[in-house]
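Protein sequences appear in the order of chains A and B. Residues 1 to 548 in my numbering are what the first sequence spells out, letter by letter. Residues 1 to 314 in my numbering are what the second sequence spells out, letter by letter.
Please note that a few of the clues may not be correct.
Ranges between beta-carbon positions, derived for each pair [what the hints assert, rightly or not]:
1) P78/B - P515/A: 37 to 43 angstroms
2) E259/B - D317/A: 53 to 59 angstroms
3) Q298/B - F320/A: 34 to 40 angstroms
4) S113/B - G537/A: 44 to 50 angstroms
5) D304/B - A65/A: 54 to 60 angstroms
Worth flagging that the hints you see were computed from the coordinates, not collected in a lab. Heads up, the beta-carbon is just placed ideally off N, CA and C, and yes, glycines get one too.
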Amino acid sequence: MTTWQRGREARDARIQAGARLAKGKVVDARDATRLMEAVVRPGDRVCLEGDNQKQADLLCAALLAVDPAKVRDLHMVQSGVVLPEHLDLFDRGVAKKLDYAYSGPQSARIAKMLFGGKIELGAVHTYLELFARYFIDLTPNVALIAAVSADRDGNLYTGPNTEDTPTVVEATAFKNGVVIAQVNEIVDKVPRVDIPGDRVHFVVEADKPFFVEPLFTRDPAAITESQILTGMLAIKGIYAPYGVRRLNHGIGFNTAAIELLLPTYGEKLGLRGKVASHFALNPHPALIPAIESGWVEQIHCFGSEVGMDEYIRARSDVFFTGSDGSLRSNRAFCQTAGLYACDMFIGSTLQIDIQGNSSTVTTSRIAGFGGAPNMGSDARGRRHPSEPWLQAGREADPEGSTLLRRGRKLVVQIGETFGEKNVPLFVERLDALELAERLNLELAPVMIYGDDVTHIVTEEGIANLLLCRDAREREQAIRGVAGYTDVGRGRDAKMVQDLRERGAIRRPEDIGINPLDADRSMLAARSIKDLVHWSGGLYAPPSRFRNW
Amino acid sequence: MSASHTQRTTSSVELDRTASWYESSARTRVRLLLDPGSVVEFIGPEKREVSPHLKLFDLPEQFDDGIVVGLGRLDGSPVFVAAQEGNFMGGAFGEVHGAKLTGLLRAARDIGSVPVLILFDTGGVRLQEANAGELAIAEIMRAVIEARTAGVKVIGLIGGRAGCYGGGGLIAGCCSALAVSEQGRISVSGPEVIETNRGVEEFDSRDRALVWRTMGGKHRRLLGGAEVFVDDTVQDFREAALELLSSIRAFGIDTLKAEQSRLEDRLQRFGACPDAVDIWTAEGIPDAVSIPALPADQFIALADKVRRSSRDAR
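Based on the provided sequences and hints, a complete structural model is requested.
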């Protein structure tokens, strides 16, 4: 007779094995490694919660300490490979295969281990793409997650940094998987239930809070005048003419400059209420002055940011908060919001080629994508109109039939022609291609494809690729804002002049901006301390950002 | 010139003097600090006295080698001024940079009656011209002491991006008096140097709150390393300079003896304290942990209550 309950039976057997170490659902931290050996089987797909901010670090250490004779060859399916221990798992042979989205600080080591054959790579995903695969062909057998607190029934409070947890638990718990949570404390009653207890099988109390990285804090003191100039160009040359109200910002200094220019420069241009009012965005401290000046109506967050908790709690008109008053973030929903409900993505990158493809991969670093490709791509499934989207569509296809013409999401790449350490932003060929050849990948890790990019902003001006009619024009528009880089010096002066006359390239003076006006005194806050003042003392920056 | 025109000029200067010292360039600091239009620069950028070393390393030069020296007036009285540009190679001392300051101090020594203001903004010696830079530090320290012996007051103003580190910290220690803002940091070895040599357990250079409470302006004021604490505006630095010029006593062997005993006393009282907060607590400051967050005016009031630094020493 056919059995249709094998998955459930296997799950029950795992839970039974683990239950021998537990009191109810609670397992002592000292038994965490034995719990792993009881529950995890060789070859399992395991989601070890490594988001881009919070880390299930205790469970990670417990998994790393297993006897590889009992637990080995795991297939890790996790969004963030962030801690050194995440890669130590592969060095020890506990894990073998990897599907992930973001590797930030481990980008150099992950590249080395791929070259050394220590890791069998599935694919580098975007967040939303990896989450989608959790429900189709990468469903975890075991999820190791992190929460702020749990009660004895396993109800979890994930707090402001909810991030990926609901998605991971949904995919695991409802498809015969086992969910193990590490929590900072076990309490009688959780402040709010983010994850219902019947989806959680084991709870381990950690001796110290899970690690959270302050990833979205940009010190205004480090913003340069050329970044301010690019910010002014973006506000006056893109935000204003398209009337962009719904948007996502990247995490670089150029967009931090924009956030700090809204209440000063943006105010002078009379743009308050007309642009930048609805965000899919982490709670960037640099946005505090704009929020306090009445620019921002609503922000939905992927995660939280260290030090912002009290400020968010006091500004629930702007942020999404739970019954307990603290932020509720959700990466999957926010990525979806960024993909479908925003009219613009603006962010920086490390390399842009002459087709407009961009990548943060270099030959020795594979940083992954995170969410940028979801934010920075035209959503082909979008059906609701909005003025910025329709206007971009008109510019791209002026002859098309009005009622059948798709709009376009504004996808803006912003940066200086020479980036950190004077490395040119523009290249003839992305390093990502060389990497793909050396690793025999079927697909080069491109963060944002050229055909999705609509504008490129540098201190030289704005290239509007929507107004370019063929590949040659696009290439010259890009060269035209590439300044004194080799790519820029390879321009065809006549074509660049023609493109400028058509508005496909606009210099600062073409939109009434004097580069000499780009001065730090224009920033609404010039230091972290200024941000604290703006917040009325509610923002509590972590120690490493304080110069007092 | 009509009276109304004079008035307008004055008020616009006052407005400009609300500018942040930290954010201003060396030239802006000099221009706003001294009486309007009074500054005459020596060996200015038009002379193009650039570093003879940087081009060997294919590094950009600056026509003033990162320091402005000159003569101006402060509230009507003549002063020599030197201002380091922290945005050029971290304000570091190179051969030409150092020689300009040495020359200024020697001129002050020879004239004997015109004080010197040094607007420090430096990470120390420029590594690319190490020997010349180290020699420059030694020459400047000697020149400071010679000038002071000749009766010249030498005042350091510290509140720039690069702080006052390395040889800059040594020169500052030779000055008649120092004024510092919260952003200003004074030390010899920088945070990264300490961490590299002694380990992250000894000093975590990425913990900026630790860096500031160990080397920052507030701690230097409470420890007696700086005579005056000021808010981060040009006006506040100007007032501090005027205050110090009017209160500095004559310099001699007795000053140095008093300074020696001040430092011995400090070492004895606080030598065992592992953190600045412990020092402030030992000084009898209630709620010492709140010091870093105090606004400037409240901190100045508190610091004045805790102790006036000894004007006999230095």
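Earlier hints that do not hold, by number: Structure breaks no hint.
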